[in-house]
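S.K.: Here's the letter readout for the chains.
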Amino acid sequence: MTAVKSSAEAQDIIVIENLNKWYGNFHVLKDINLRVKKGERIVICGPSGSGKSTTIRCINRLEEFQEGSLRVDGVEMIDDVKNIETIRKDVGMVFQHFNLFPHLTILENLTLGPIWVQKKPKAEAEEIAMKYLERVKIPDQALKYPGQLSGGQQQRVAIARSLCMNPNIMLFDEPTSALDPEMIKEVLDVMVELAEEGMTMLCVTHEMGFAKKVADRVIFMDGGQIVEENNPEEFFNNPQNERTQLFLSQILGH
Amino acid sequence: MKDFQPIADRPAPVQTVGPVAWIRENLFSSISNSIVTLGIIAFLVYYIPPVMDWAFFSANWSGTTEDACVKEGACWVFINAWSYQFFYGTYPLEEVWRINLMIVLLLIVIAMSFTLPKHYRMKASIAAWLALPLIGMAVLYGGWGGLEVVSTDLWGGFTLNVFMAAASIIVAFPFSFLWALGRRSQMPFIRSVSVIFIEFFRGVPVLSLFFMGSVMLPLFFAEGTNVDKLIRVWLVLIFFMSGYMAEVFRGGFAAVPSGQYEAADSVGLSYWQKILLIILPQVIKISMPNILATFVMLFKNTTFLLIIGIPEVVQTLQTALSNSYWLGGHALEGYLFVFLVFWASCFGMSVLSRRIERTMNTDKRD
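So the protein lines, in turn, are chains A and L. When the letters of the first sequence are read in order and numbered with the numbering used here, they come out as residues 296 to 549. When the letters of the second sequence are read in order and numbered with the numbering used here, they come out as residues 84 to 449.
A hint or two may mislead.
Computed cross-link-like contacts, BS3-like style, restricted to lysine-lysine with a CA-CA straight-line distance of at most 27 Å [said to hold, decoys possible]:
1) A:K507 with A:K480
2) L:K206 with A:K417
3) A:K439 with L:K201
4) L:K154 with A:K415
5) A:K415 with L:K201
6) A:K414 with L:K357
7) A:K508 with A:K480
8) A:K439 with L:K357
9) L:K357 with L:K201
10) A:K384 with A:K332
11) A:K377 with A:K432
12) A:K426 with L:K368
13) L:K357 with A:K377
14) A:K384 with L:K312
15) L:K368 with A:K480
16) A:K377 with A:K439
17) A:K439 with A:K414
18) A:K332 with A:K377
19) L:K357 with A:K417
20) A:K439 with L:K368
21) A:K377 with A:K417
22) A:K480 with A:K432
23) A:K384 with A:K417
24) A:K414 with L:K206
25) A:K417 with L:K201
Selected chain L positions facing chain A (in silico; Cβ < 10 Å) [as the list claims (entries may be wrong)]:
26) E108
27) N109
28) P340
29) G342
30) Y344
31) A346
32) D348
33) G351
34) L352
35) S353
36) Q356
37) I361
38) P364
39) K368
Since the hints were derived computationally from the structure, they do not count as laboratory data. Yeah, the Cβ is synthetic: ideal placement off N, Cα and C, and Gly gets one too.
Pulled out of the complex, with its shape left as it was, chain A reads as follows:
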């Protein structure tokens, strides 16, 4: 199968069916089924080791899986370099520890993808980069190195770096977990703005305020399974599963 888009699934931009993953003999993801519509904002939460990060890392093939199927924008995720590259161009990712490239300036971090992957001329790539730096409100840092920026600024650069590739889907893997409390807000503000513009987002986070504010659906995972999924209102006010209730009481209890 080649990287051809089929129109039948135009609605569901991500389709995950019966996904199973093992690390050696350790069964980390069990029968994951998930359909994401274009423009949908999904928050995934759960205790550590529940497989939530692993799930979204499968979507751009940072993790392989052994069973089941995964389609992104109609492209089947199989063991084929061409398919993987097509999907990665379509999917942006923001990491817990930012993972900016420390030997490149902020501007170079942002233009790397457009220049080398999309083969855009340097001037155009820089123009795009500055546009997104302005959107995350740090155009004045363009010529600095990542090490000179605060954590919150670095994470906003990381978001801008992903946006420069003009992705249809953004994955956030605990984007605020490594930040000081004072910096969490500036990153969340950028994410809220992005959500309001209609970006398809999958976000692993414990920021329940963010979930209540922007999520269309909240998914709770434990032990490698999806335990419960619902709209935020139902999810927080009326959790169906005992495990979900316990988790919510623990993180919202103080």
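For this one, chain A is given, so just place chain L on it according to the hints.
M.R.: Frame of chain A; chain L shown alone:
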């Protein structure tokens, strides 16, 4: 509501800064420490004057022959008389500008590697470095454009040590990088070939490798081909060096956080783009001190070439020491001279590498 009032900085207490405090803290902080300090001072007072006297005050500085050494101090005349051979071997005097030209070129390439404007520094200096061994061979050997051929039998002296070391590390650099990549490969065949290569060249003494290069390697060449001895030794040095450097690079690869690979993947870079644009620059930066240490080791190992009769600087010195006009026993001066030349070069490289590390250190640059 109260205003937040920052407290102004105050200078440190006087007893903890300044020269007197430094001496007290570092040299006389305890009784045993004071005894050691006084012992070292006594040792220096006792031994430095005679050494200074031998090396400078009673030394023989002027003259051209053994007979000029009449005072009981060092006979620097010996070094002076043989200095040409020590540096250039038996390279013809009228052609020696070629060697000097290459030394200058080498220094220029080193300098441009970290003074060129940043946006084309990387490309320009990599090209210059890779071209350098070829230019060096063409210029030193000659035989084109009116340049006379200078047989490699005539090359020698300290500049030969420098050129052999430089030409080896330049070629070994990309190879060792590939070996290190191979050792990390997912593919069992590539991985085992890399491991076998690296472990072979790391596990075998360099002397036996030199013997292999000069005696055994010709057996592998087709009958009738005669590959120059210096080229064979050069190959040995390249293999030896790339085995060691591969391990240096492996450490560098392991030190790059996995998040860097993941970020490069998620941006959509291909494997080679990821390796060359993201990982390699960080690996080189992390490995810089070890790369230099390996290079210094190789540079000093070039003196082992005397074992197979290549007239590098120590071999030249031994020739000079056994010369019938210079039988006054000048081994001390001679070896001291070689010692100083090597030490100065290695110390210079050390300073240079610290400078490069600072240039590359973007993590905390203001």
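S.K.: A separate judgement is required for each hint: does it hold in the structure or not?
M.R.: Now the hints, each set against the structure:
no.: 1; hint: A:K507 with A:K480; verdict: holds, 15 Å
no.: 2; hint: L:K206 with A:K417; verdict: holds, 17 Å
no.: 3; hint: A:K439 with L:K201; verdict: holds, 14 Å
no.: 4; hint: L:K154 with A:K415; verdict: violated, 76 Å
no.: 5; hint: A:K415 with L:K201; verdict: holds, 21 Å
no.: 6; hint: A:K414 with L:K357; verdict: holds, 15 Å
no.: 7; hint: A:K508 with A:K480; verdict: holds, 13 Å
no.: 8; hint: A:K439 with L:K357; verdict: holds, 22 Å
no.: 9; hint: L:K357 with L:K201; verdict: holds, 20 Å
no.: 10; hint: A:K384 with A:K332; verdict: holds, 18 Å
no.: 11; hint: A:K377 with A:K432; verdict: violated, 35 Å
no.: 12; hint: A:K426 with L:K368; verdict: violated, 31 Å
no.: 13; hint: L:K357 with A:K377; verdict: holds, 16 Å
no.: 14; hint: A:K384 with L:K312; verdict: violated, 53 Å
no.: 15; hint: L:K368 with A:K480; verdict: violated, 34 Å
no.: 16; hint: A:K377 with A:K439; verdict: violated, 34 Å
no.: 17; hint: A:K439 with A:K414; verdict: holds, 24 Å
no.: 18; hint: A:K332 with A:K377; verdict: holds, 24 Å
no.: 19; hint: L:K357 with A:K417; verdict: holds, 19 Å
no.: 20; hint: A:K439 with L:K368; verdict: holds, 18 Å
no.: 21; hint: A:K377 with A:K417; verdict: holds, 25 Å
no.: 22; hint: A:K480 with A:K432; verdict: holds, 13 Å
no.: 23; hint: A:K384 with A:K417; verdict: holds, 18 Å
no.: 24; hint: A:K414 with L:K206; verdict: holds, 19 Å
no.: 25; hint: A:K417 with L:K201; verdict: holds, 16 Å
no.: 26; hint: E108; verdict: violated, 33 Å
no.: 27; hint: N109; verdict: violated, 33 Å
no.: 28; hint: P340; verdict: holds, 8 Å
no.: 29; hint: G342; verdict: holds, 4 Å
no.: 30; hint: Y344; verdict: holds, 9 Å
no.: 31; hint: A346; verdict: holds, 4 Å
no.: 32; hint: D348; verdict: holds, 6 Å
no.: 33; hint: G351; verdict: holds, 4 Å
no.: 34; hint: L352; verdict: holds, 6 Å
no.: 35; hint: S353; verdict: holds, 7 Å
no.: 36; hint: Q356; verdict: holds, 5 Å
no.: 37; hint: I361; verdict: holds, 6 Å
no.: 38; hint: P364; verdict: holds, 5 Å
no.: 39; hint: K368; verdict: holds, 7 Å
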